[in-house]
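What follows is each chain in one-letter form.
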Amino acid sequence: MTAIASGAPGRTGRRAVAPDTRDRVLPWLALPALLFFVVFGVVPLVGVLALSFTTWDGIGDITFTGPASWREVLADPQLPHGLWVTFQVMALSWLVQTPASILLGTFLAGHQRYRAVLAVIFFIPLLLSSAAIAVAYQALLDPNFGLGAGLGVDLLVQDWLGEPHLAMGVIVFIVSWQFIPFHALIYQGGVRQIPRSMYEAAQLDGAGRVRQFFSITLPQLKYTIITSSTLMVVGSVTFFDLIFVLTQGGPGDATRVLALDMYKRGFQANLMGPASVIAVIIVLTGLGLALLLRRIGGASNPAASQLDGA
Amino acid sequence: MAVTVTEIEQQSAVAPARSGRRRRRTPLREWNWIGGTAAWLWLVVVIVPIYWIVVTSFKSQSGYFASNPLAPPTEPTLENYRLVIEADFATYFVNSVIVAVGTVVPAVLLAFMAAFAIVRGAHSRFLRWVNGLFLMGLAIPLQAAVIPVYLIIIRMHMYDTLGAIILPSIAFALPLSVLVLANFIRDVPKELFESMRMDGATTWMTLWRLAFPLTRPAVVTVAIYNMLQVWNGFLLPLVLTQSPEQRTLPLALWTFQGEHGVNVPAILASVVLTTLPIVILYAVGRRQLLSGLTAGIGK
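Residue numbers (the UniProt record's numbering), protein chains in the order written: chain A, 1 to 310; chain B, 1 to 299.
These aren't lab readings, by the way, just hints derived from the structure by calculation. Think of the CB as a built atom: it goes at the ideal place given N, C-alpha and C, for glycine as much as any other residue. Some hints here could point you the wrong way.
[Said to hold, decoys possible] Examples of chain A residues toward chain B, derived with CB under 10 Å: (1) Pro32; (2) Leu34; (3) Val38; (4) Gly58; (5) Ile62; (6) Ile124; (7) Gln138; (8) Ala149; (9) Phe239; (10) Leu242; (11) Ala259; (12) Ile282; (13) Gly286.
[Claimed, not checked] Examples of chain B residues toward chain A, derived with CB under 10 Å: (14) Ala39; (15) Val46; (16) Ile50; (17) Ala171.
Okay, chain B solo, but in the shape it has when bound (with noise of 0.2 Å):
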């Protein structure tokens, strides 16, 4: 459980490098014949309609209508994205980007905060329990808890601000990254809190000072996951805001399409437009994501 996808790349990035022997020994040497046939198909099963999307947002709307739809526009125009960003995407974006910082900074330091003291205070029957809380959390779907989320909200007179999408998702994304953040804290060598002590640090500094750097690829992979799913959040956003100021990508995305059916270049502009920050995002961190994605769910 504790190997992950980082690591193994790592060591097939390496095992080039090593032994023809060593190669033959793995346990696919063989091309695998099945398994490469339906590689390659979903390929073009995930390649077509991605490709397509890019291809058409570059189309004006006559081109969209004449041309073979996988044809690349033989007059490449900008005109949707021109349309797309005077339709307020700017304004959907900066919200994005409040709610996704917003949400992910505060629900990543809390995680840390606890997972740290989940680690370090094992023995505590009450950080036992906060624990078994955390990990029985797991299981709670937002969408049962929206209807109770959206009275609290009301209550607290923030319906339709961006604080009430933030506050929700702080606490959804809190229990994923304790389990993640916790794995790894366990990993530190309990000689370096030792050391740290006896040279008179406080818990608050072996805190931020000893585990958070330590643990920073953990830190990151948890951050990048949060920001993945908070980007791309709908249910809490179509509840719990309702004027057009605080609409977020998704939800601008779908009311766009409801005003602009016909355009279906326009439409398409507006999905890359939305999909290019987390595109981007994760072309930077994608390892970091990976190894987090398969040493937080397990095997």
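This is chain A alone, in the form it adopts within the complex (with noise of 0.2 Å):
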């Protein structure tokens, strides 16, 4: 029973279980949740990138096409915009999210009283699917009738989702609204485990908060920053919900990213192969974003080395 006490799951003590090598179960054991996976996930994945080279109208035949759908794309002005769009929309969110999340997440991580209650708050964001955070704040910025309207002030009074640049900005917010109380979690854990010996020692040289903060706090949390990041950028490159709810793309084309095009072109005009088409530069945008943040957080990144040790 010692060795329950001692190696109860969870505890840091990485007492691997002994691999078992005459087991012949193990690999049944695997099969299910691996064929649910390749054939819907790892078949589409193949499966998209061959559609991209097809014609197809989503409910009659497939025919082979070649590069025609490749070639119509990369000529279609709205790519760039989508790209374009998507980045903005990832590069503001971004800038919103990491200083505030990193600031939330520092001051999380203190003893002070109201911690728990504000943890218990700053939650709620998460528990409501992206719908409903549309739906509500399509109704809160209406210009005629929403928050802003009723409370007579005047500067919340715009027109709010049918100015490009006012609509961006309410993506970005809502977007952050949504999703800063995750990542200053992930900070709050980051910042629990920098040694408290540091900050010891930083103030016996003298050091001031907000000194200690820039020298020790944020460094120290560099990989926690690349994991996050990670997780912000791949993310908002599927952004889709959201904004298929609060704007279905526009005013105009101003908020149409990548996902919704590829909804747009293959689920609403029935043109599923450039849609395919789209849907493989996300996962190459997706894909070599994360390996260049992967690049930047070297090869310590906490992520590598738990695949590695997986």
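Grab the two chains, each in its own frame, and use the hints to assemble them into the complex.
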């Protein structure tokens, strides 16, 4: 029983389970999950590349047409526009979310009295579906009957979703509203792992708290920043639900991100070939960004070491 | 990485009982006025819309236009909720429950079996390959796969059924579930497996009688997390179903908004109703969920 106590799950001691080389049952245990994942994950990923070389209206027969769809999409000015809009959403929401999450995470890592209450309330936006958030904000931002008009605050009475640059701002705000709590939690965990002795030493050397933040907290959070940024950036490439319900890509095409472009081409215009091309571009963009951040993070990225240990 | 929020919260719960000196040693002992101001500011940003949603959902339509938007309703009414429930939300609620349970139960069980095999069979080339595949799977975005998934579902003659949502949802729940569960199974001491083996237990028995109970907190975490994902899922129901009878709550919310565009209190009542079950679930399993999220994602 001592063994249970000392090696209980969740403890840091990595006293790994001894692999069982004789066990012939084990591969069969993995098979059902593997089957599901291959059929609905791996095959579609390969399939989307194959479909990008075909013409298909979503109902009838699929015919191979070679690189026609690729030529069509690459020549379409909608593609650079979609990439640009996607990049804007990504960059702006990263710029808003990262400093705010670090600040909040650092604060929440302390032992102040209201932390527990704050942590509960902070988490609420993550529970709402993107559809619910979009529907609610649409009513809230209404220029005639929304919150701003009701309160009589002129500054808040804008055609938030009707002006291209305002709509972009609204999306960045709502994305941040939804996800800052999550990233603050990640940073909270990161700050908690910084050894206290570092702060004690800094205090002995006479470093103030601002100095401590920039010289200890921020550098120590490097890998946490990479992890959080990767999730943010890759997540924003595939952003769909919120923008679909909130603006349908409008006004005009001002918020038509790649994922929305794919949906509109595929499931509204019934052009599955070009839609598949966009899907491939989404995958490549997300993968490229993840690898780029991994490169910036260096080989000792905790996610990387976690993968090695697995 | 193995330090979870739950543990941290347990530690901090113990902290006040310790001497004052211990508390003073925390890095942020003084009032952090920059972070504190930001936190309270953020609290307002989070709470005001949520408060407005809840308050407005109890107002009559005329009351909504007439009153201060942040004031509580002068004559609270359940009329909006009645309207929403009469708009077949019970059907959509049942659909969401079927999809959520139908996804989460098989997904967690399959993921647990796979995670167990991956941890116990680390010497097997096949299982190492399976593990690598699931890790790569973390990077597959649902959006990218949705067109071929739609094709597969059509060819399986499952379009416009709840099963059409469930099957791909299971698949996309697997990678993260396997990763988190494997991390926890790895912490089960090997002595326990060995002694159970010597008592004549089969692999199947060590899986369900030893590893599963010992890692139950992780199993609950993974289940709640997946439940949250599936409950709020929008793209798969949008693409793979068509008829109103097969709608899940997020999709129903969106169509309800399209039909009752001007009736803001009713729309907000539908927002509250679709969110309520997940809030209750969260209230029950909050600590579990937070610990699993941080442990699953890394440092």
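Now the hints, each set against the structure:
The beta carbon of Pro32 of chain A is positioned within 10 Å of a beta carbon in chain B (closest approach about 5 Å), and the interface hint is therefore held. Look at Leu34 of chain A: its Cβ gets to within about 6 Å of chain B, closer than 10 Å, so that hint holds up. Taken as an interface hint, Val38 of chain A checks out: its beta carbon lies about 8 Å from the nearest beta carbon of chain B, inside 10 Å. Annotation: Gly58 of chain A was flagged as interfacial toward chain B, and the flag holds, the nearest CB pair being 7 Å apart, inside 10 Å.
Interface hint status for Ile62 of chain A: upheld, as the beta-carbon distance to the closest one in chain B is roughly 8 Å, under 10 Å. Nearest Cβ of chain B to the Cβ of Ile124 of chain A: about 6 Å, under the 10 Å cut. The hint holds. Taken as an interface hint, Gln138 of chain A checks out: its beta carbon lies about 7 Å from the nearest beta carbon of chain B, inside 10 Å. Among the interface hints, the one on Ala149 of chain A holds; its C-beta lies about 8 Å from the nearest C-beta in chain B, closer than the 10 Å criterion.
Annotation: interface hint on Phe239 of chain A holds; nearest CB of chain B at approximately 9 Å, less than 10 Å. Hint status for Leu242 of chain A relative to chain B: holds, with the closest Cβ pair at about 9 Å, below 10 Å. Contact between Ala259 of chain A and chain B, as hinted, is supported at the beta carbon level, the nearest pair being about 5 Å apart and thus within 10 Å. For Ile282 of chain A, the interface hint holds, since its Cβ comes within 10 Å of a Cβ in chain B; the closest pair sits about 5 Å apart.
Interface restraint check: Gly286 of chain A against chain B, minimum CB-CB distance 6 Å, threshold 10 Å, status holds. Restraint check, Ala39 of chain B versus chain A: the minimum CB separation of about 5 Å is within 10 Å; hint holds. Annotation: interface hint on Val46 of chain B holds; nearest CB of chain A at approximately 6 Å, less than 10 Å. The criterion of a C-beta within 10 Å of any C-beta in chain A is met by Ile50 of chain B, whose closest approach is roughly 6 Å, and the hint holds.
The criterion of a C-beta within 10 Å of any C-beta in chain A is met by Ala171 of chain B, whose closest approach is roughly 3 Å, and the hint holds.
Violated hints are absent here; each numbered hint is respected by the structure.
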